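Starting from two chains that each stand alone, build the complex the way the hints lay out.
Here is how the chains run, residue by residue.
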Amino acid sequence: MYSYTEFDDAFIAERNAQFRAQVERRIDGSLTEDEFKPLRLMNGLYLQLHAYMLRVAIPYGTLSSRQMHKLADIAAKWDKGYGHFTTRQNIQYNWPQLRDVPDMLDALAEVNMHAIQTSGNTIRNVTADHFAGAAADEIADPRPVAELIRQWSTDHPEFQFLPRKFKVAVSGAPHDRAVIKAHDIGLQIVEKGGEIGYQVIVGGGLGRTPMIGKVLYDFVSSEDLLPTLEAIVSVYNLLGRRDNKYKARIKITVHENGIDDIRARVDARYALIRPQFTGVDQQMLSRIEADFASPTFKTAPTDAYTAAYDSDPVFKSWADTNLTDHRDPSYAIVSISLKAHGKTPGDATAEQMHRMAELAAEYGHDELRISHEQNVILPHVHRGDLPALHAALKEVGLATANIGLISDIIACPGMDYCALATARSIPIAQEIATRFDELKLEHDVGPLKIKISGCINACGHHHVGHIGILGLDRAGVENYQITLGGDGTENAAIGERAGPGFSADDIIPAIERLVKGYLDLRSDAGETFLQTYRRLGLAPFKAVLYPEAQANAA
Amino acid sequence: MAKPFTPKVVTANALLEGDVIYQTATGWTRKLEEAEVLTDEAVADVRLIDAIQQADLTVGAYLADVDTSTDTPKPSHFREAFRAKGPSNYTHGKQEVQ
Chain A
3 MYSYTEFDDA
13 FIAERNAQFR
23 AQVERRIDGS
33 LTEDEFKPLR
43 LMNGLYLQLH
53 AYMLRVAIPY
63 GTLSSRQMHK
73 LADIAAKWDK
83 GYGHFTTRQN
93 IQYNWPQLRD
103 VPDMLDALAE
113 VNMHAIQTSG
123 NTIRNVTADH
133 FAGAAADEIA
143 DPRPVAELIR
153 QWSTDHPEFQ
163 FLPRKFKVAV
173 SGAPHDRAVI
183 KAHDIGLQIV
193 EKGGEIGYQV
203 IVGGGLGRTP
213 MIGKVLYDFV
223 SSEDLLPTLE
233 AIVSVYNLLG
243 RRDNKYKARI
253 KITVHENGID
263 DIRARVDARY
273 ALIRPQFTGV
283 DQQMLSRIEA
293 DFASPTFKTA
303 PTDAYTAAYD
313 SDPVFKSWAD
323 TNLTDHRDPS
333 YAIVSISLKA
343 HGKTPGDATA
353 EQMHRMAELA
363 AEYGHDELRI
373 SHEQNVILPH
383 VHRGDLPALH
393 AALKEVGLAT
403 ANIGLISDII
413 ACPGMDYCAL
423 ATARSIPIAQ
433 EIATRFDELK
443 LEHDVGPLKI
453 KISGCINACG
463 HHHVGHIGIL
473 GLDRAGVENY
483 QITLGGDGTE
493 NAAIGERAGP
503 GFSADDIIPA
513 IERLVKGYLD
523 LRSDAGETFL
533 QTYRRLGLAP
543 FKAVLYPEAQ
553 ANAA
Chain B
42 MAKPFTPKVV
52 TANALLEGDV
62 IYQTATGWTR
72 KLEEAEVLTD
82 EAVADVRLID
92 AIQQADLTVG
102 AYLADVDTST
112 DTPKPSHFRE
122 AFRAKGPSNY
132 THGKQEVQ
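Here the protein sequences line up with chains A and B, keeping their order.
Here the numbering used here is used: the first residue of the first sequence is 3, the next is one more, and so on.
Here the numbering used here is used: the first residue of the second sequence is 42, the next is one more, and so on.
The following block holds chain B by itself, in its conformation from the complex (with noise of 0.2 Å):
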């Protein structure tokens, strides 16, 4: 039986900067607690496309596992929540601006 579907956001690089960001229902955002969760895997499918497609912003889209248990969506692997913060060792990247 196939695993049943987790919630995920769509995440890339932006072109220019490098930076991580995720989409939105209308964008795209450089905080994952503004990202669209998407819970059904074919809207997902067609959402990474979109993203895959908009190759002058993104770059190496991928759906990424987000825990949903609150409010806004949260890292579920600490891959992810290093990428929604930054390095550990400055206060560079992400938690930089805060």
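In isolation and in its complexed conformation, chain A is listed as follows (with noise of 0.2 Å):
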């Protein structure tokens, strides 16, 4: 893992340094709320309907054990016990008092974490596959460069009034797990003639105007992608609008200029700037990939797994779904999953994250993950521990064998907690896993990805859900939006919405139909949601969702 140099230190130390004394300042009076805000924002410091919330960037979802000991104990210092895990990585504390943010700014720094660059129109924390550097389909991990991209981008002078925010995001396999379709810079790592290089993908998104990237260059090599990083956003700098808050995403300048108009800038920013960069950074990857270099995995006997395996049908429901491939095959990779029936999703008690570090230190290697699915990733454990591993997490209600199931849901803060929200999400995903378990379907269903966002920036990634849930406030009452057959795989699509919105307390029968309506319609067992829809189209997932107006229309 990547640990701090000294200039690193010095950094954030003075960045700290500089954030208490504007704390201060802004308590005796010396500075407004107007001139305040940009300043806490530039700290990761928001102000939420009943609180702060300080979102603290995870670079890339990698903790080591000792970093995650550290955020389960600013939980319970500073917070209410308790951290929420975000589509984008990064952990949100929802109860923190302004006095105290310095001191738990400081905290973080002391095991190499900050809170830079998670709020305002700046490059924000670099995301990447959960399953970096473990995956069995797995090209190269993209973890050294996400790290070169976090440092180039952080504090860049030229970056930190852009048009909007900026998202980036890496993946380093094939199967994008990394949403990177819907990131204003999507980077695949592609193999060409054994050269290691970037497919560059541009312009996709979410929020109220949905649009999948478009690909901008097919293979960029290593030592030319900071280059063109910088033309990119340098072209977005000037193009992207500032007029309008709603059309100043990359997404649009894209869409508005044609993906052919922003290459032959970008060709022309980058043959500018190209001098600039000597090479560098590339010696500054190198150092960063050395960082990263594989564990020793050991060599052990795997017999206890199979032994649970056949034994405890418990552990074989959870092995089923929780784990997956690693490239060395007597290991697997392990998903934990923040979504226990009835919980709110991405949520960790300080106690279980101080267990997940225990575990990931005594099985794993000491490196967790977080996912943008909001669980919890242990990366490198060996089969023959995994009947430990999963006794252990059961003890703290972390067994949940869901993951990629119904109730395995992406869900917002929404109105719970967000001062941007027009609804509840929290609620909705918590009523949905809870019915879904009353009914003891979830596992027939099948792979099926539920997303909700509480309001149209989408940050539930609603419009790639399987399943996309928008709530809204339609004359003063929550309603709820459907939409179907979104995908935010290789395979990117946005989901098509099914009609009018459903109420709060009509929503969950709505879906309970919906499933039901497509355990009807799939081929067999082994066709899931997502085909089925693809195949069937909207119109009889329609009929499912609204009874009343087919039986009008008869």
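Any given hint could be a false lead.
Cut-off 30 Å, straight-line C-alpha distance, at most; resulting in silico cross-link-like pairs (DSS-like, lysine-lysine) [as the list claims (entries may be wrong)]:
#: 1; chain 1: B; residue 1: Lys72; chain 2: B; residue 2: Lys135
#: 2; chain 1: B; residue 1: Lys126; chain 2: A; residue 2: Lys79
#: 3; chain 1: A; residue 1: Lys39; chain 2: A; residue 2: Lys79
#: 4; chain 1: A; residue 1: Lys39; chain 2: B; residue 2: Lys135
#: 5; chain 1: A; residue 1: Lys79; chain 2: B; residue 2: Lys135
#: 6; chain 1: B; residue 1: Lys72; chain 2: A; residue 2: Lys79
In short, the hints are calculated from the structure, not lab data.
Since the structure is predicted, the reported quantities are computational estimates derived from the model, not experimental observations.
Printed below as a string of structure tokens:
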């Protein structure tokens, strides 16, 4: 893992000292809120409905045990004993007090963490495949280049006041687990004639105008990557619309000008700035790559795994849903579900965080990941250790066997916390999970991604949910719109709106109708919801969602 | 024709804790039922300016509609109901201390 250099430590210490002084000046009245707000946002501090919220960056979703322990300590000391993991691989604390935030930032700095550029019109936390460095299908680990981009973009003098926020995601595997086509820039690691390079995708995004990113370049070599990124952001910085917040993201810039026009501008800018990149970045990348060297995997028997799998149905069920193939066949990637039925998606208590950190140290080469789907990953666990790990997870309520199933729901904080929300998300997620647990249907239903956003900004990725739910305020009442057929993978697609929305009371029965309708419609038990939708289209699903309309038409 | 003025309270977040606060005739309260209900638009505008000027106590003051059909003001929109109570997934926020 990357460790801060002396330069990094000094930079963070200085920023934290500056922010401490800014907080003091806000409290003593020297700064107005208008003056203070941009300063606090630069340091990840929001004011939400009930309290402040501190958003802490977890670069490319990677944590050591020591860092996870510290996140737990912060939750216990300055928050209400829990933290919320987000769809951008960050953690949010929902209840900090203004005076405590500088101490929280100092505590984070002790473990090489910060909250810089988790807000504002800057390049945000760079996200990556949460199975990075472990997945069997990976071409190369995306984290070294994600770290390089983080260093390049942090406090980049030209890019502190972009037209709008800017999000970059990197995938090292052909199967996209990082939703790269819904990012301002998505990078796909590719191999051409033995050389590792990057497919560069721009202009993706969700929000009120969802767009699938377009390929700007099929192959950019490693030494050309940073100058290319700098050229793209530079073109956007000048061309992006500052007259209308809703048209300010690069997806609109690309849409309005066309990908060919953007490419021509980026080419011209690239030619101008390329000589400034003298290769120092490649030296830095080599050093960073050494930091991400693979752990030394052990050779040990996997009998305990086979025995537990054959004799313990609870373990078998968990193993079938929560494990993913590791590049070393005697290892597995473990997804720890933060979606226990009826609980808040993405929340972990301080106790759970401590326990996950201990288990990562004991069984997982000291590594943890946060997925954009709001779960925690132990990327390297020897199969022989899985029964013991599963038993330990069960003790702290972390052994829910539902990864990729209907109750593994992404939900934004919604109007329970967020000042921008137009409706609640969390209770809808809780009720859907509870209902399908009661029905004992979720393993029959199989892979199905429900994603819920509490407003049009789409933090809950509803556009790319197989079933997307968007909460709106319709004449002073919460109302939920359903979209169908979205997909956040390499086959990215924006979901199609099914029809009129449902009230908070009616949305759960509507989802139940939809899912039971799918069970009737699928060709066989192996055809997933998304495959059935792609085969049949919207009409039959619409018929089960709106039976009254069918009856009236008949 | 302008819309008739509906009853309102001045609300904001407290600077130090971020907690939801409401203006009273003499200061601030954490409870909506203790808030000063404003029924005159001109008075409401003046009270809001007064609140905004108290920058050492408040953040983001604004006028929120209230339902005055009972003795004490109640939220008339669900967003204000959540602000007055706290989140629905934990008994945190105002509901924790009540």
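How the hints compare with the structure:
no. : hint               : result
1   : B/Lys72 x B/Lys135 : holds (8 Å)
2   : B/Lys126 x A/Lys79 : holds (24 Å)
3   : A/Lys39 x A/Lys79  : holds (25 Å)
4   : A/Lys39 x B/Lys135 : holds (25 Å)
5   : A/Lys79 x B/Lys135 : holds (20 Å)
6   : B/Lys72 x A/Lys79  : holds (26 Å)
Violated hints for the displayed structure: none, as all numbered hints are satisfied.
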